[in-house]
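Work the whole structure out from these sequences, hints included.
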Amino acid sequence: MDATTKHRLLVVDDDASVLLTYQLLLQEQGYEVNAAISSKKAKEELRRSNFDVVLCDLSLEQDRTGFEVFEFARQMYPAIPCVLLTGYANKEATDRAEVGGIEVLFKPIEIEEFLQTIRTVLKNRHAKKKSNEL
Amino acid sequence: MASPALKKRLPDPAAFIERRKAPGESTALRLLSAERSEEIFPILLEEIVGLGFPRAMVLEVDLESGDIKPTAWLKCNNAQLQKFRTSLWSTENPVVASLHRMKPTIIENGGLRNKLLYSHPIIYRNRDVCWEAERERRPDCLAVQNFFAPRKLQLSDQVCASCGMRSYVATVLVDIPGDVEEGLQRQLRNLIELANRYLARLFKVQHYYNRMRDMDVTIAQMHTLMQSMADPVILTDTHHRVVMLNKAADRFFKAPEGVTEGGARAVELNNLLFSAALSSMAVSGSESSRDLTLVDVMEGEEVLFEAVCAPTYTTDTVRSGMVTVMRDVTDLRRADEEVRANLSKLRDAEEIVRQDRDRLNLVIENVGDPIIVADGAAKVVLYDPWAKELFGIADATRHPALVKNQAKLDAYLTSFTFSFSDKENRPLRLYHPGTKAEVEYAARSGKIYNARGQVAFTVTVLRDFTAWKRLEQLQLERRMLEVEKFAATGRLAGTIAHEINNPLEAIKNCIYLLPGKLQPPGEPVYEILKGETERVMRIVRQMLGLYRNTDQAGPFDLNTVVEDTLTLFARQLATAGVVVDKRLGNLPPIVGTADQFRQVLSNMVVNARDSMLNGGKLIVRTRHLRASDGVHGWLDLVIADAGGGIPKKMVDSIFEPFVTTKGEKGTGLGLWIVKGIVENHGGRIQVRSREGKGTIFKLTFPAVR
Chain G
1 MDATTKHRLL VVDDDASVLL TYQLLLQEQG YEVNAAISSK KAKEELRRSN FDVVLCDLSL
61 EQDRTGFEVF EFARQMYPAI PCVLLTGYAN KEATDRAEVG GIEVLFKPIE IEEFLQTIRT
121 VLKNRHAKKK SNEL
Chain D
1 MASPALKKRL PDPAAFIERR KAPGESTALR LLSAERSEEI FPILLEEIVG LGFPRAMVLE
61 VDLESGDIKP TAWLKCNNAQ LQKFRTSLWS TENPVVASLH RMKPTIIENG GLRNKLLYSH
121 PIIYRNRDVC WEAERERRPD CLAVQNFFAP RKLQLSDQVC ASCGMRSYVA TVLVDIPGDV
181 EEGLQRQLRN LIELANRYLA RLFKVQHYYN RMRDMDVTIA QMHTLMQSMA DPVILTDTHH
241 RVVMLNKAAD RFFKAPEGVT EGGARAVELN NLLFSAALSS MAVSGSESSR DLTLVDVMEG
301 EEVLFEAVCA PTYTTDTVRS GMVTVMRDVT DLRRADEEVR ANLSKLRDAE EIVRQDRDRL
361 NLVIENVGDP IIVADGAAKV VLYDPWAKEL FGIADATRHP ALVKNQAKLD AYLTSFTFSF
421 SDKENRPLRL YHPGTKAEVE YAARSGKIYN ARGQVAFTVT VLRDFTAWKR LEQLQLERRM
481 LEVEKFAATG RLAGTIAHEI NNPLEAIKNC IYLLPGKLQP PGEPVYEILK GETERVMRIV
541 RQMLGLYRNT DQAGPFDLNT VVEDTLTLFA RQLATAGVVV DKRLGNLPPI VGTADQFRQV
601 LSNMVVNARD SMLNGGKLIV RTRHLRASDG VHGWLDLVIA DAGGGIPKKM VDSIFEPFVT
661 TKGEKGTGLG LWIVKGIVEN HGGRIQVRSR EGKGTIFKLT FPAVR
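For the record, the sequence lines run as chains G and D.
Everything in the first sequence is counted per our numbering, starting at 1 for the first residue and increasing by one.
Everything in the second sequence is counted per our numbering, starting at 1 for the first residue and increasing by one.
To be clear, the hints were calculated from the coordinates, so they are not data collected in a lab.
Keep in mind that the hints are not guaranteed to be accurate.
As the list claims (entries may be wrong) - With the Cβ distance kept under 10 Å, some of the chain G side facing chain D (calculated, not the full set):
#1 Leu19
#2 Ile80
#3 Gly87
#4 Arg96
#5 Glu110
#6 Ile111
As the list claims (entries may be wrong) - Okay, derived cross-link-like pairs now, EDC-like style, lysine to aspartate or glutamate, Cα gap no bigger than 20 Å in a straight line:
#7 G:Lys91 to D:Asp595
#8 D:Lys665 to G:Glu110
#9 D:Lys530 to G:Glu113
#10 G:Lys41 to G:Asp52
#11 G:Lys91 to D:Asp557
Ideal placement from N, C-alpha and C gives every residue a C-beta, glycine not left out.
The structure is reproduced here in structure tokens:
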């Protein structure tokens with residue numbers, strides 16, 4: 001993949017080692033990956049630069065949730081694709097994700113499924129972008 | 001009564017003349033030759049004239065009218081006869097006076113032709129009492145009284161009190177010449193007395209003769225009477241020999257002519273039985289009765305008699321025999337027996353009814369619930385002990401709340417009794433004297449109708465509803481506890497799984513990053529690491545699934561869950577070559593947690609998919625099994641695969657945790673979780689499997705709880 005097509009991904013997880021492995025995994029796939037360990041850090045990252053996809057854990061530091069991050073991202077980039085990663089998504093969370101057009105992946109994540117999902121949302125985003133340009 | 005009519009016709013004079021001329025015949029013998037009383041007077045008159053008196057006549061008194069007239073005479077002319085016609089009341093007549101005195105008298109200037117007339121009255125008299133007086137031992141015999149002390153000539157007095165015989169009274173009139181000797185007069189008197197003695201004797205004989213004739217008539221009447229009686233009458237002597245039988249008795253005791261041998265034997269037997277009965281009756285007392293079964297010879301049937309026997313006596317109170325009257329009581333006895341049989345049947349029926357009643361009472365006493373029986377007017381006729389307690393029937397001073405109970409019951413009974421329904425089932429809040437609290441009772445009532453279709457009785461059973469409800473509540477709580485336990489287990493597992501989840505996520509990602517960074521000898525170790533990590537992941541996923549489903553329970557449609565799950569797995573199933581045969585029936589909602597059912601379905605579908613390595617058919621069927629009330633009932637869900645099946649030795653333990661047919665790939669938790677969820681919803685899970693053919697799971701749930 002060349003630099004011009006390199007997608008920027010933001011990964012948010014409150015578990016440092018998990019965050020690191022996601023980052024390594026995705027970088028190996030050729031994405032430019034920024035990692036944030038909290039919602040606060042995530043918001044800072046979002047303010048600093050724009051992203052193609054936001055991947056976020058449901059439960060973050062204290063009582064913060066991934067939805068907070070998604071909402072912030074959507075405020076800045078309304079059409080930004082979001083992927084929720086969760087260990088235990090209750091119905092309330094999955095319903096909310098569905099309403100917001102947010103993809104949900106259950107931990108432990110099947111890596112192939114994980115990568116496929118990212119590819120799919122990026123493709124959809126491109127299709128959208130192209131249709132908008134037209 | 002039966003007085004002999006004295007001479008009414010004159011004897012042939014020639015015959016008397018012949019007798020008189022018979023040689024060597026004395027006066028006494030001539031009188032004795034008279035066989036009838038009317039023959040005495042002609043002989044007497046002839047003898048008187050024979051003594052030398054010119055003429056004589058007999059004046060007789062008619063004791064019915066009192067007339068006195070000549071009835072026999074000799075050598076008297078018509079005018080002379082007319083002269084002496086008189087009556088008993090003409091006492092101035094010297095002849096009548098002599099009659100009243102009843103003494104021989106010589107009347108001067110009263111003669112027929114001469115101046116002197118001898119009048120000698122005669123009357124029926126005898127020295128011995130008559131037969132009747134003797135039999136009845138009465139002293140007042142007219143003949144004897146007349147002999148000893150002649151009574152006044154009263155018409156009524158001259159009838160015998162004992163035998164009813166009417167006396168005769170007459171006087172013999174003799175014309176006496178003036179020169180008659182004393183000796184001749186005495187001879188005359190003796191002659192008349194002698195004649196009267198003979199006359200009295202003949203009169204008595206004739207009286208008895210008449211009496212005999214009367215008795216014949218009486219006997220004939222009695223005989224007719226006896227014969228005309230429909231009941232057999234038998235007269236026997238002291239030796240029990242039959243003296244007389246009536247016709248009705250003949251039937252049984254006399255063999256008719258040309259009778260068969262059997263008939264003759266029957267008669268013989270009848271006689272024998274009768275003699276035996278008679279002997280026993282004679283011993284047992286003056287009047288007694290016996291039952292006697294005799295055979296009717298003509299009809300050949302048995303007749304039951306009641307023989308009543310009375311002894312007969314002679315005038316000396318000596319037993320002369322027995323009179324036995326037999327009454328046909330066959331019909332009477334038959335009726336009696338029938339009545340007795342009916343009575344005994346009635347008693348038996350009564351006994352059965354009594355036993356039934358006792359049994360029923362026993363049942364009522366042992367039900368342990370208040371039972372009330374009321375009549376057709378809603379008036380209570382029976383309380384069982386529990387009802388008595390509930391309504392305070394035995395208490396003299398009732399608790400006001402019990403009086404209120406009674407009022408509620410009365411209102412309930414009235415509304416039920418006069419309603420059109422046969423049965424009633426309604427809650428009734430009553431004060432319970434034991435717990436001193438209002439308790440809800442379930443009143444169940446039924447009606448008993450009489451033959452006319454009117455309500456005869458109503459029976460009401462009260463069941464303590466709270467006790468029932470309490471039990472139900474207890475069961476529910478116990479099940480809730482089970483659910484809670486299962487949920488707690490799930491939560492614990494989920495929490496652990498969640499804690500494991502993040503480190504696992506990192507490990508798994510690291511393993512993914514390893515390839516190419518390892519030395520060749522490390523390759524097998526890498527494979528083990530990868531495989532085992534994946535297994536841990538699957539376990540954690542199941543456990544998280546359990547924890548994840550903490551939604552509120554509510555009604556949901558099972559078919560929707562089935563459809564969702566099948567859609568979710570559609571691609572995977574298609575890839576594995578599994579064809580889904582979906583047969584979903586119309587279902588009522590289930591109350592439960594839909595997400596838990598999603599897990600059930602996905603576990604089952606994944607199992608089915610994994611069992612069919614080379615593809616096959618997956619049948620998913622839902623069905624509503626209606627209960628008799630049409631509302632409740634059961635749902636069943638069948639998931640059948642055509643996979644490898646479950647090995648026989650594992651079938652029994654398939655629902656235990658960590659038991660799997662998938663080896664390394666399985667967690668052994670799927671069916672354990674399925675069973676837990678199914679049972680939490682009051683359902684059941686059954687499995688049938690054949691190795692190499694497939695497996696059928698059948699899940700059953702109550703439709704509405």
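Now for the hints, and whether the structure bears them out:
1. Leu19: holds (9 Å)
2. Ile80: violated (24 Å)
3. Gly87: holds (4 Å)
4. Arg96: Result: violated, 14 Å to nearest chain D Cβ.
5. Glu110: holds (8 Å)
6. Ile111: holds (5 Å)
7. G:Lys91 to D:Asp595: Since the Cα atoms of lysine 91 of chain G and aspartate 595 of chain D sit roughly 8 Å apart, the hinted pair holds (cutoff 20 Å).
8. D:Lys665 to G:Glu110: holds (15 Å)
9. D:Lys530 to G:Glu113: Between lysine 530 of chain D and glutamate 113 of chain G the Cα gap is close to 17 Å, so the pair holds against 20 Å.
10. G:Lys41 to G:Asp52: Holds. Lysine 41 of chain G to aspartate 52 of chain G sits at ~17 Å (cutoff 20 Å).
11. G:Lys91 to D:Asp557: Holds, at roughly 17 Å.
Consistency note: the structure conflicts with the earlier hints numbered 2 and 4.
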